[in-house]
Each structure stands twice: as structure tokens, then as C-alpha cells.
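A.B. asks: Sequence:
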Amino acid sequence: MSSHQPSKIKVHGHRGCRALFPENTLPAFEKAIDLGVDAIELDIAITKDNEVVVSHEPFMSRTICQKPNGQDIPESEDMMFNLYKMSHAEIKAFDCGSKEHPSYPEQIKMKAYKPLLNEVFDLVISKGSQVRFNIEIKSKLEYYGIYTPHPNKYVTLVLQTIKSYDFNNRCNLQSFDLDILEEIKCQDPDMTIALLIDENECIEDKLKKLSFKPDIISPYFKLLTKAKVKLYQSQNYRVIPWTINEDTHLKRTKSFGVNAIITDYPHLLIELLKQETFQQVIKKNMHFL
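According to my numbering, the sequence shown holds residues 30 to 318 in order.
Hints are not guaranteed to be accurate.
Here are the simulated distance ranges between beta carbons [as the list claims (entries may be wrong)]: (1) S193 <-> P97: 27 to 33 angstroms; (2) S240 <-> K114: 30 to 36 angstroms; (3) L207 <-> L260: 17 to 23 angstroms; (4) K251 <-> E129: 38 to 44 angstroms; (5) D227 <-> L260: 17 to 23 angstroms; (6) Q264 <-> N197: 32 to 38 angstroms; (7) K169 <-> M109: 32 to 38 angstroms; (8) Q264 <-> K140: 45 to 51 angstroms; (9) G174 <-> E228: 35 to 41 angstroms; (10) N197 <-> T277: 22 to 28 angstroms; (11) S36 <-> P97: 46 to 52 angstroms; (12) I175 <-> K96: 32 to 38 angstroms; (13) L207 <-> K114: 22 to 28 angstroms; (14) Q304 <-> N181: 42 to 48 angstroms.
These are calculated hints, taken from the structure and not from any lab test.
These numbers were taken from a predicted model, which means no experiment stands behind them.
Ideal Cβ placement from N, Cα and C applies to all residues, glycine included.
Taking the hints into account, I'd like the entire structure generated from these sequences.
C.D. replies: Printed below as a string of C-alpha cells:
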């Protein structure tokens, strides 16, 4: 067996547990930890005051956020509230938890804000949790200097925050942006790095564009087959697909023997894995009956 074939599939709570609580918020991360996830997956951007803030977009998404006065963000103002041009105090005034999410109607609605990465770290410490962090650096070329810093500064700010907590060994840093990944490797060669692959990309082609071998391949789940997973693991990659939410897809991807699964429904995946473990225990002990 390859050293990268898992004895147990790890559960990564996507944006905390987006199906249950507002995404990328402290309540979502706390719930994910309480559920027993192995890692919390989250996204980051940078504020005007060079702080690392947790957010899927480097702006206020009109899908989930409301203005400080409680009004919805109109389509004409989409992408107008640029986090890189706002202080965290300004960002914190927006409510990103009270709107009903169109894709997750069962999500609990509550007032919530976009926290800083160090607030997430503090929460984990306060709970005495050993959970890992799967951190996506949101970046692309057309955002450089407008919605996000250029890669060198961006990565420096992220690594500074991680190192200030001595969490280097508890973090995966992932990105779709190859320049970000190259910068991470340059600034911290020992950091665990994950290459994100979008649904319209080719895994092999994107791997060839990197000057180094990442620790993790993290593709859109439909790009994988059992044979591909075995091949990548034999080449010493860990394989962590995203974002799998339907029962049939969870079961199918689990059967591939991936190293971890990123899901908005970590409670369902945890239950599925428990059932499998229970069945394995029964089979193992059948000869005693």
C-alpha cells in the first residue's frame, strides 16, 4: 500500500459547515469542530489594514451579505464593497448570516460577520481542538493590486499570521492561482501545499505548470476515477476532492479511497464513515459468533 493511501478518510468541513450555519463564520467553524471534522476548510482575503480576513470573495457577496443598515446589496453594487479597500471594522459591520441562502434553506440564520483568521485560530485554541486548517488563498491575476495584494505580499501576510500561532504543521495552503502556490513554496518550502483544479481544467496539465510537486491534489470531484486516485497516490500525492454534497457522490468518491473529502454536510459524511466502520467491525468479528 502506498504511504498516501489512507487508513481512514478525513472529513473537511467546507467553509465550516455551510449547509448548517452561515459560511466562513465563527459559528460555522465551532459547529464543525463540535461535529468532529478533521479539518475546517476556509477562504481568505486581505483587508485595507493588511489583516487576513475569512471570506470566499474579496468583496461582499450580495448572495449572503447585507449592508450595515440591513438593506440588501443591489445587483448594481455587486463587487463594489471591496474588502481590500475596507478596514476590518468596516467589514465587520456587514451582516453575512441573516439572509436565507438560496442553496441551503435549512441553514440556521443568524447575525454573523467575516472574522479574521486569527479569530478562527483563537476559537480553535479556546476549544482545545486539534483540528487542521485547509486554507484557500483566493486570488487570480485580474485581482492583483485591486481586490487582493500581489502574490509576494499576499503570501507574506498569510504566513505571518500562521507562524505567529506556530500552526505551520496544522495548515494546508491551497489555491487555484499557480503564482500564489509558487510564492508559498519560495517563502516556506516546508508548508503543505494543495493544488486546486477547477472542473474545466485538466489535472495533469495543471501539475505540469508548477515548478515543484505539491503535497496535495485537490480537484473538482467529477474529474476523479478510482484508477486516477490510485495513480496519484502511487506518485505520493494526497487526493482531496471538492465539494461533495450528495449521498451517491459521497459514497462513490469514498469508494475511490481518497485521502479526504471536502463537504458542506460534514455531519452526513461523518455518519456515513461511522456506518462503514461499524460494518467493518461486524465483519471482523463474525468468526466469534
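A.B. asks: Find the hints from earlier in the document that the structure breaks and name them by number, from lowest to highest.
C.D. replies: Violated: hints 4, 6, 7, 9, 10 and 12.
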